[in-house]
Amino acid sequence: MRRTAIALAVGALFIAPAAQAQSNVASTFDAKLGGYVQMNTTWDSDEDDNDTLSALRKIAPPPRKAQNGTLPGSAQDGQKTLRWASTRTRLFLDVHGSELWGAKTRAYVEMDFDGLRLNEDSGAASASAANTPRLRRAYMRWDWTNTWVLIGQQTLIFLDAVSPYGTTYIEGVGTQQGAITGGARNRAPAFIAAHNFHFGGSNLEVIGSVARNATNNQPLTDLNDSGARAERPAYETMVKWTMPLFGRQALAAVSTYWGEETINNNPALAPDTATITGTAAALRTQTLRNVGTGLQGALPLGPLTPIGSFEVRGSAFRATNMATWNLGSNSTTSTTPGLAAPVHAHGGWAEVNWQITPKHGVAAGGGVSKDDRNDVLAIGGTTLRVQDNQGYWLMWTWTDGPFGFLTSVSNVNTAWITPTTNAETRNSSQSVHFVFRYSF
Amino acid sequence: MKAGKVGIQKRFAAALLLLVGWCAVAAAEPPRLLVLPFELFAAQPQDYLRRALSDVLANRIGQSRDVVVVQGDTPAEALAGRSPLAAAVAQELGTAQRADYVLSGRLTQIGNRFSVDATLFDVKSGQLVERYSAEGADASEIIPKLGEIAQSVRQSFASRASAAPPAAAAAPAPAPQAVPARKTWISKALPIEIRGIAVGPVIERGRADIVLVTRQELQIYRRRGEDLELVTRYGAPRGGENIGVDVADIDGDGLAEIYVSASAPSNALASYVMRWNGSALQPLATALPWHLRLAQLADGPALLGQGRSFDKLFDGPIRRLGWRDGKLVPGEAPPLPGHVTLYSFVVADLNGDGKTQVVSLQSRSPLMVYDMQGRVLGYGAKYGQSAVYLEDRRATNDGQPDQAQLPGRLRAVHLPGNGLGLLAAENQESIGFFYRARNFTGGNVVALRWQEQGLSEVWRTEQLAYVADFHVSELQPSGEPMLVIATVSNFEGMVSKPRSFVVVIPLGK
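Chains as they are written, first to last, in this note's numbering: chain W, -12 to 427; chain L, 11 to 519.
Treat the hints with caution; some may be incorrect.
Derived pair list, reagent style EDC-like, types lysine to aspartate or glutamate, alpha-carbon separation capped at 20 Å [what the hints assert, rightly or not]:
(1) L/K155 to L/E145
(2) W/K346 to L/E502
(3) W/K346 to L/E401
Output of the computed footprint for chain L on chain W, the stretches with three or more beta carbons under 8 Å from beta carbons of chain L [stated by the list, open to error]:
(4) 17 to 28
(5) 86 to 94
(6) 130 to 143
(7) 226 to 235
(8) 279 to 290
(9) 295 to 304
So the derived label-pair ranges between C-beta atoms look like this [said to hold, decoys possible]:
(10) L/Y399 to W/F392: 16 to 26 Å
(11) L/P201 to W/F427: 23 to 33 Å
(12) L/Q438 to W/F427: 16 to 26 Å
I should point out that these hints are in silico values taken from the structure, not numbers from a laboratory. Even for Gly, the Cβ is constructed at its ideal location relative to N, Cα and C.
Given these sequences and hints, build the entire structure.
Structure, rendered in structure tokens:
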């Protein structure tokens, strides 16, 4: 008996698969927490009173002694600083659900810690970062085979098909308001839908969006959902064409933005305001349009080589009354109804990047963003107005698994004009960035 | 002290039992099989085929340790115009060659279509034991069909061997023949982090090589006794990173090519195909803009490819790939549900109801069972968790890039006693809720069965290290299908050295 038991036990050791079990298995949801911890360390040749650090200085400050003797400059000029921030850290929750109506379903919530910057006492906007969590994006999404629909807060689709190299891997190149590479970081609640058409190896994606008109041109800046004072939504479109080239992918995209806003001389007299404190006869309104057109592209420069791959990317835009895509301070020439005219702007950037190995890459690029000079002159007054901004950058990235590192040197040349005198003032600013990121 | 003595006695008894059982197996002479030249019925019979076809059968059956093939010098003249399929002829020639069994066959060809019929005779009794047959639409299918018949013959002899009483009747060990063959075998530790594994005759026809890919290298191993011997290695071209591997003889030269999915700098795909040129690995194709996978479709295994776009890891339809003028070119797109991506799916009639199902593992989704119209029939658990993390470039200024942990492999196999089933890896994690950071603690390969009531587990392997990939193959001449698993116990890191193993588990018959 004992011998039999031993023999069976020994035999069982060699018999695999061992476990024989019948169990029902089913689950449909998957929730993942992700994000990254990031620290930016930046040396600036001139103090930047914008606390958000990006890998390219946005605008150089006016010189301490303004040229042409027209106006005094700023205290920031020549004030070297070494600034540190971990506020670019982000956290997101990504939930994938069961298939619904034949589509994969998803919910996504993302926040950062580059907070609202409210003054602790008054609640007014302040230059000091509050570092509170801030909702960046929150949306639900359905993905069919070739079609997707998104509902919620997401980055505007306008001018958002191609990003500079640094943004692709770690950090953006001045993607804030007024920056050379465009302001596609603006986010807005939106309905977005897209469909893909496949032609052989090529793909045509047509995207449309109905969203809050988010051009930032409104006086009440402390509203969290700030945007234009608009009754109508903004309509955006993008047509994106990708095709194989040299064993990689080339991309070309055209995008448009259209919105409309109404300005008035006294918000208290707005028709839907319960308490009217003025006379109706004093109410004046003017409707202005926000219009933008963008071109973007990415082109592989030859096939893969033993020393890596090369690519050129770029974008160009024309914008009217779109504060985020011109130089920020002057979307219209005036805030007075009847006198306001839109400021026209144009710009673009181009960059050559060299992906040396999967872990290392180098990029060099430059860009320009200009407001129409006559529009700026029409603003009038003696305040210096940014009119022309140019920059160039060189960066190196190193990624290894979850760790990423970017270093860059950049230079920005900015020109201001004084509308009343048409005098021009120029200055430049340099910065060196070190960005450390760990993704999880 | 007494307890210790009893323990030693028990261990000694167990060892003795194993030893005796092993000796019994060694003592049992496998039967001798004579393979006769084929009979040919064709419009233009080519005489060399008579011997060539029987040679192929003999070689493939000869891989089995359960039978000794005696092809001998049986001259065609010995048949003297008689049909080798006649029992009397088989008995006569078998007796002359001191064979226990005789296998004789016939090839009938009408137009392009052909039929191969073979018969197994018992020499002593002169009785017909089994018949085998296979048909094909094209002459290029003759060799594969012969392989199928050889497989059936091997299985037949393996069944006889396991059913036969041990030669040393006095030995008390239970079913000792099965013990060595069913042993789980684990290789020595390999100082690499395996990403993919495939098994096939890469270097020598009829002999299985183990092909492994790491992030940077392709390595070929061969099992010699209890050792795993590195035969050759090849670095991923152009600084690429290997994603996965399959082997298959798509070009029909008798040796399997190696199909490696790989990505290149700038997130392009740069997959490549290798073959053995007699002395070294040689690239057949490089910089292919395809994810590559040998997958099970309704009409059999096929080499498939899927592209990658500017900002999507998988883009466009999955297509069949084939060789034309020395180039791997895409063909038709098999009908598949839209969400199915390349690496992890099978198309098969899993419950034998005559309808085909598509079973798919997709990143962040449970195992899905679809009908051919794309309707979801059922769900399984989240099998196939993998450490292979792919990230596409971020196209937008602020959005997340398309990124995914690739789902592990899914295979449809015959599960002994359970019909056609599925095999999938299931890896456990200590913290399973982070998007990218993973900490695998172990894994299993799980056998699943799809029936009316849903998906159920049939069995699972013992707990292993993280299962990177697995393959089912006749690794040894026994002809028994083996589950060949690549496991990783240490992942490669900035300060840690990688460590992997190859585990071989017989699937049973």
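Hint consistency between W/K346 and L/E502 [alpha-carbon to alpha-carbon, up to 20 Å]
Given pair W/K346, L/E502 holds - Cα atoms ~15 Å apart, limit 20 Å.
Given the range 23 to 33 Å, decide if the beta-carbon distance of L/P201 to W/F427 lies inside it.
Between L/P201 and W/F427, where Cβ atoms are some 28 Å apart, the hint holds.
Are at least 3 residues of the segment 295 to 304 of chain W within less than 8 Å of chain L when you compare beta carbons?
n = 3 at 8 Å, threshold three: holds.
Using the Cβ atoms, figure out if L/Y399 sits within 16 to 26 Å of W/F392.
Since the Cβ atoms of L/Y399 and W/F392 sit about 18 Å apart, the hinted range of 16 to 26 Å holds.
Residue count check for the segment 279 to 290 of chain W against chain L: does it reach three with CB-CB under 8 Å?
holds (count 3)
Check whether three or more residues of the segment 86 to 94 of chain W sit with their beta carbon closer than 8 Å to a beta carbon of chain L.
With 3 residues close enough to chain L, the hint holds.
Given the proposed pairing of W/K346 with L/E401, does the C-alpha separation stay at or below 20 Å?
Within the cut-off at roughly 12 Å; holds.
Holds or violated: are the alpha carbons of L/K155 and L/E145 at most 20 Å from each other?
holds (7 Å)
Outcome, coverage of the segment 17 to 28 of chain W by chain L - at least 3 residues whose beta-carbon is closer than 8 Å to one in that chain:
Check passed, 6 qualifying residues.
I want to verify a distance hint. Is the separation of the beta carbons of L/Q438 and W/F427 within 16 to 26 Å?
Once the Cβ atoms are compared, 19 Å apart, the range 16 to 26 Å for W/F427 and L/Q438 holds.
Given as covered by chain L, does the segment 130 to 143 of chain W meet the bar of three residues or more with CB within less than 8 Å?
Per the Cβ count (6), the hint holds.
Per the coverage rule (Cβ-Cβ under 8 Å, at least three residues), is the segment 226 to 235 of chain W covered by chain L?
That given contact holds, which follows from 4 residues of the segment 226 to 235 of chain W lying within Cβ reach (below 8 Å) of chain L.
Checked against the numbered hints given earlier, the structure satisfies every one of them.
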